[in-house]
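Number of protein chains: 4
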Amino acid sequence: MSSPAVLRVAIIGTGFMGKMHAHAWRTAHRFFPLDATPEIAVVVGRDPDRTAAAATEFGALASATDWREVVTRPDIDVVDICAPGDTHAEIALAALAAGKHVLCEKPLANSVADADRMAAAAEAAPDVVAMCGFSYRRTPALSLARELIAAGRLGEIRHVRAQYLQDWLSDPEAPFTWRLDRARAGSGTLGDIGAHSIDTAQWLTGDRIANVSAVTRTFVTERPERDEHVGLGGRAADGAPRREVTVDDAAAFTATFAGGALGVFEATRMATGRRNANRIEINGSRGAISFDFEHMNDLEFYDAADPAGEQGFRRIQVTEPEHPYAAAWWPAGHGLGYEHGFTHQIVDVVRAITERGPVSPSFAEAAQVQRVLAAVEASAAHGSVMTVVEGASS
Amino acid sequence: MSSPAVLRVAIIGTGFMGKMHAHAWRTAHRFFPLDATPEIAVVVGRDPDRTAAAATEFGALASATDWREVVTRPDIDVVDICAPGDTHAEIALAALAAGKHVLCEKPLANSVADADRMAAAAEAAPDVVAMCGFSYRRTPALSLARELIAAGRLGEIRHVRAQYLQDWLSDPEAPFTWRLDRARAGSGTLGDIGAHSIDTAQWLTGDRIANVSAVTRTFVTERPERDEHVGLGGRAADGAPRREVTVDDAAAFTATFAGGALGVFEATRMATGRRNANRIEINGSRGAISFDFEHMNDLEFYDAADPAGEQGFRRIQVTEPEHPYAAAWWPAGHGLGYEHGFTHQIVDVVRAITERGPVSPSFAEAAQVQRVLAAVEASAAHGSVMTVVEGASS
Amino acid sequence: MSSPAVLRVAIIGTGFMGKMHAHAWRTAHRFFPLDATPEIAVVVGRDPDRTAAAATEFGALASATDWREVVTRPDIDVVDICAPGDTHAEIALAALAAGKHVLCEKPLANSVADADRMAAAAEAAPDVVAMCGFSYRRTPALSLARELIAAGRLGEIRHVRAQYLQDWLSDPEAPFTWRLDRARAGSGTLGDIGAHSIDTAQWLTGDRIANVSAVTRTFVTERPERDEHVGLGGRAADGAPRREVTVDDAAAFTATFAGGALGVFEATRMATGRRNANRIEINGSRGAISFDFEHMNDLEFYDAADPAGEQGFRRIQVTEPEHPYAAAWWPAGHGLGYEHGFTHQIVDVVRAITERGPVSPSFAEAAQVQRVLAAVEASAAHGSVMTVVEGASS
Amino acid sequence: MSSPAVLRVAIIGTGFMGKMHAHAWRTAHRFFPLDATPEIAVVVGRDPDRTAAAATEFGALASATDWREVVTRPDIDVVDICAPGDTHAEIALAALAAGKHVLCEKPLANSVADADRMAAAAEAAPDVVAMCGFSYRRTPALSLARELIAAGRLGEIRHVRAQYLQDWLSDPEAPFTWRLDRARAGSGTLGDIGAHSIDTAQWLTGDRIANVSAVTRTFVTERPERDEHVGLGGRAADGAPRREVTVDDAAAFTATFAGGALGVFEATRMATGRRNANRIEINGSRGAISFDFEHMNDLEFYDAADPAGEQGFRRIQVTEPEHPYAAAWWPAGHGLGYEHGFTHQIVDVVRAITERGPVSPSFAEAAQVQRVLAAVEASAAHGSVMTVVEGASS
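Residue numbers (this note's numbering), protein chains in the order written: chain X, 3 to 396; chain G, 3 to 396; chain U, 3 to 396; chain S, 3 to 396.
If you are wondering where the hints come from, they were derived from the structure by calculation, not from laboratory data.
The C-beta atom is built at its ideal place from N, Cα and C for all residues, glycine as well.
Keep in mind that a hint or two might mislead.
Stated by the list, open to error - Cβ-Cβ distance ranges computed for the label pairs, FRET-style:
| # | chain 1 | residue 1 | chain 2 | residue 2 | range |
| --- | --- | --- | --- | --- | --- |
| 1 | G | A383 | X | T356 | 15 to 23 Å |
| 2 | G | G262 | S | D37 | 25 to 33 Å |
| 3 | S | D49 | X | D37 | 37 to 45 Å |
| 4 | G | D129 | U | A64 | 35 to 43 Å |
| 5 | G | E357 | U | P323 | 23 to 31 Å |
| 6 | G | G359 | U | A330 | 56 to 64 Å |
| 7 | S | G241 | X | P128 | 48 to 56 Å |
| 8 | U | G101 | G | R70 | 33 to 41 Å |
| 9 | S | T223 | X | P360 | 49 to 57 Å |
| 10 | S | G261 | U | T74 | 51 to 59 Å |
| 11 | S | A330 | X | R358 | 37 to 45 Å |
| 12 | G | R70 | U | A64 | 39 to 47 Å |
| 13 | U | R52 | G | E227 | 56 to 64 Å |
Unchecked claim - Okay, the calculated bits of chain S under chain U, using three or more residues with CB under 8 Å as the criterion:
| # | region |
| --- | --- |
| 14 | 124–135 |
| 15 | 157–165 |
| 16 | 212–218 |
| 17 | 379–393 |
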């Protein structure tokens, strides 16, 4: 391994997520005191030219096309997996086998079996950090919500209502992408954004979903093939060949938490007008919180202990020195953006590595999310309540 | 019957709803041109003294204790039923048999069988008006939403998410009331406020719920008996005897509409911090609407036909001359309150009577809501998807 | 005078304000326990037919065309002046001379001299109630704000920023109305809606404006004559003759309060998109409040005593039993509308009469608002700071 | 000069602003295609150790303590001035004399005379870029507002109301800082944040403030000396010596724009509860915009051309490919933060250098803001309207 003062990172993947992670790796130590300084040693992709360009863009020292070779290189400390879900298991298992720390984008895998194998491998390697990238947890407003709930400020949790609403597929002529192909993406809206809601809900409440009753829907069953020159959300050329959509456009389910709370979840990419409404609202016997990522710097908090006549949801701007992660940034009221959750994730990964502290979300936690997703799909298929299977590692 | 210029009304019930209806009967003709002027001829209640006091308070000409006698009196034109749900069927059937117009508070009845009998009786009496009091329909913002959807502005409807969130039972020491007794109330939160969401969703979309998958929950299973001197939402005395809650505190269900839309519904009286959040959001292929009764004068409308880069939910203050019911009231921006839905309901009842026009919600429509409620309860009991039974009159 | 159990009212004026007041007189005793029951004895207007129709619409017992005769009739207890501002002084002085209680719409008069004469007459008649109709004070959210400030919850007041923004004159082709004629209306936007902001600001803070520095503006200097068939805010026919606008379209001023607070005021009828944004925000050393009439049931309250990290404006829905006026109405979260401020005003007038309690806003208070308005106009004319003259009765 | 492919930057200042600029210089070329790649060659500060630490933190190649030496070094292309206002003129004039491009934080200088000298020097050096750092202009929502107004979508501008509200000085025990010392800071709240509102208002409208009528206020006239160990906004130790505050805590003024619009401005650091409410609202004859930096990704836009009955402010999430700067970042609805305005500023500086395009805000524009500030101070001192002096370079 390299000197403890430097942490050498291999980013696997050259797309949007790789770019985001690279920004976070470059930025974390500029704002947070860390015991090791990350360095993006290499970016790995399939196409040599495109990967070389990404390496320059990402501020990496080099590029490569063979991830198998990279994950065993002695100079690499951390393998950061930003490739599509169908590659996660193989890469992560190889990296763990090579003794590398692993940060893996969500969903952890495209199947419960793969996720469980990954969780088992992580447990078998206690000396390395293995974390799954549910980055929304590191949004300061949600971190604050977690603190309030953990401190008992909401009392007994009764209601969880989580919606993740996007609309970039609401146009039936929006072109096909790999995210609509079950073979690549594993599942559709459910696994892509519904997984975030499940993780957030379980993490905030410190509870687990015990069973679900679900319905899924594909509103647009075939779409034009993507023209290379049209971006995400654009329209394909008239007369383009059509391809079948093999994943869900939307999923909704009710859930019972082990502790008794009642959950209502909805995820869709067809909620016209909602660009990225990642919302969660939790009501307990003593208080409530409400959050919408479209105003990501705000947490609405209701304290039932406020005097009668003065009660109401208060809008906390989670940008103050007292708030999670916020002291490192700008003065109060000068908000953060989407990318900061990723930067905070890197801060926590680095600290877990240097301080040998607990890791969250661990692969085991992420595998449990995968089992909830599997129960949702099974419930939707059978039209009945489905219990979430406990994993060996849970 | 009395002269066409006057419409003589009997209000059955002296509680909160009776008081509200009385206000609406007194007020409608002061702001809207009507071909008949309502007059509250009599208020009917069990207790003579309390009923006499209510008659004075309501501005009624007289009081009475025997509804059977009243509903057959020749001088009565309209019977307005504001008593608890377990009395609706008997009173309504008697009134219809006597040839009276009937306005009946929701839910129409405590059972599908009763509701269907009422719908059949109404159909058998085409010369009288029989309307169910889903008053939220007459909130101008929701009436405008209906107009926009009916005009095709939302395109194909894909998503309906409706929440009705209250919190007056979140304190476990909040006392028992008849609304928590299945024998009186029929059902709990589901029938009380969930019924509103169902009616609103079906009416706005012009569609019907075909099947549901539901869960219900009673979080507080017994409560102290109510002290007569403590109001709704207050706390009972320490050591008060406890009584079992026999209805649901909360209900949640997913739904499939006949036209293919995916519905997500939630109703609760335990959503700490939400006093009366009657919310509905509908996404279609061409646009969306969003509404929350806590800001009842606003309708959020998203038009996907707006130019790229200028799209967004616009907050329409539904207080302008162009808006449903609004021209009768104050200048633009000078909002209305909860009671105006009831006043508008009276306007529509009176016009249905004098113009012999269509009535909505008819008893048949309200009976169909009752069948959805029954399907929800059956689904919650069986843990599986349940089809909404079609009624004879549907 | 009539029996103490009945209060006989003469409404002077048949327009929008007369209609509003009539509604309030009919409604107050239906919801609030009062020691006297109001009865609208007579409506007074210029045109006999129109006034007779108004009497029917308002629920009055009779109509009349000679206010001089009416205000001296022995059976009249209260004279309620809803006619344009240029008539207020003469009617009010006659009514007070006749020993009648007087409720006078704002602004109290069109000149400081008239206002001072009215205030002097009111002080000389301590046995009758003389109140000016700044009805916004009776919006529960603003009444709650006043309670919080009076209880010291905001500490030392430093900032008052009040805006009253409307837009019904933003179209240059919106027709001329009497409100644009200085001879009738006294002043323009300033006196019409700016007066509300001044009254609200002084009443909430319990302080007085000591000096002002102002600018006024008339953006549209002539407008088409109103076609009788076109309503407020409509457009006149092409080629209609034009008439000069002799009042301000907008006014803005900074103000110093006697207690040291810094005020910023703006009133306009040209704020495109703002239908009735009557806003006020007050910051003190210990807290703050924020209000916008477009969401009139909400008060935003910030308490600097909340723990660090949990601070934020909380949205109080001012609809609970603990809140001013609210217990008489509907359950929590079931909002009130514009008209309720007027109903509450009648409640307070009747109680002031039956309980011989203090009256607020008194004519003296309203005359002081008039002196602020005069200082604003003088400051705008001279381009320099102008001190608000103290009145004899202040 | 160095090769055109690299742009070597000297950052003068090691504080909060220096750190922010460094982040922007490191980040701009990672997300935007630029013809030159910035490199932070040196950071300059007074204290050698602290400056060396800042250089490491900022990702700079070196540190230095003598700005005079640095600004004439042949390897430096750009001098970026992030030191307090009293140093701006001297540094900028030296840098311009040495033929360097200059980016200077706002306010441009502490006096009009200095600002005018700087503007003259910039005009005399047409081959270099001289820009003033009014970074809020580069917030995408405000850039979009500018586009809409420039395209005539708001019609004739009538109203500008701008507030910049902070509260970090509302506690009288908050310690003294150099920002409260007129000798260092030039002015107080007015120059610090009021300057932003003036620049934004003039830039958005494309108009200039012609005259002002102002009031300023210092609510807390002395404060405890800062303990070195207490951060901004913290409290000093009890018994700390006190120092006189020589600047304004708050300023408010009305303004007349050359084109006739009426402006109302307010800036304060005592608006309890408002952390960074940089708000602007503009109403024109055809539409309006409204913005609050506390929700910096949203622009509210009102289009008076929308059909009657469908009008309302629409919330545009300014995060879409069509929006200024946004295509370089994340998917729609994934918001940006405070720092992005600075990154965009660097993008524009670099492009102005490589493309020899127009620069905005130029030193001349910034000097004109300074003249408005001077007029505000003069008006406050004299209690009368003050005309904004035209500059030689205006």
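- Task: Take the C-beta atom of D49 (chain S) and the C-beta atom of D37 (chain X), compute their distance, and say whether it sits inside 37 to 45 Å.
- Result: Violated - the Cβ-Cβ distance for D49 (chain S) and D37 (chain X), about 25 Å, lies outside 37 to 45 Å.
- Can you let me know if the beta-carbon spacing of G101 (chain U) and R70 (chain G) is within 33 to 41 Å? violated, 53 Å
- Between R52 (chain U) and E227 (chain G), does the C-beta distance stay in 56 to 64 Å? holds, 58 Å
- Item | Consistency of beta-carbon spacing, A64 (chain U) to R70 (chain G), with hint 39 to 47 Å | Between R70 (chain G) and A64 (chain U), where Cβ atoms are some 41 Å apart, the hint holds.
- Task: For G261 (chain S) and T74 (chain U), compare the CB-CB distance with the range 51 to 59 Å and indicate the outcome.
- Result: Given range 51 to 59 Å: holds, Cβ gap about 56 Å.
- Query: Using the C-beta atoms of E357 (chain G) and P323 (chain U), is the stated range 23 to 31 Å upheld?
  - Reply: violated, 41 Å
- Query: Okay, G262 (chain G) versus D37 (chain S) on CB: inside 25 to 33 Å?
  - Reply: Violated - the Cβ-Cβ distance for G262 (chain G) and D37 (chain S), about 52 Å, lies outside 25 to 33 Å.
- Take the C-beta atom of G241 (chain S) and the C-beta atom of P128 (chain X), compute their distance, and say whether it sits inside 48 to 56 Å. holds, 53 Å
- Query: Is 49 to 57 Å right for how far apart the beta carbons of T223 (chain S) and P360 (chain X) are?
  - Reply: Hint holds: Cβ distance 51 Å, inside 49 to 57 Å.
- Against chain U, does the region 212–218 of chain S show at least 3 residues with beta-carbon separation below 8 Å? Coverage by chain U holds for the region 212–218 of chain S (3 residues, Cβ < 8 Å).
- Mind checking the hinted window 15 to 23 Å against the Cβ distance between A383 (chain G) and T356 (chain X)? Because 54 Å falls outside the window, the suggested range is violated.
- Task: Starting from the range 37 to 45 Å, see whether the pair A330 (chain S) and R358 (chain X) falls in it by beta-carbon distance.
- Result: holds, 38 Å
Violated hints for the displayed structure, listed by number in ascending order: 1, 2, 3, 5, 6, 8 and 14.
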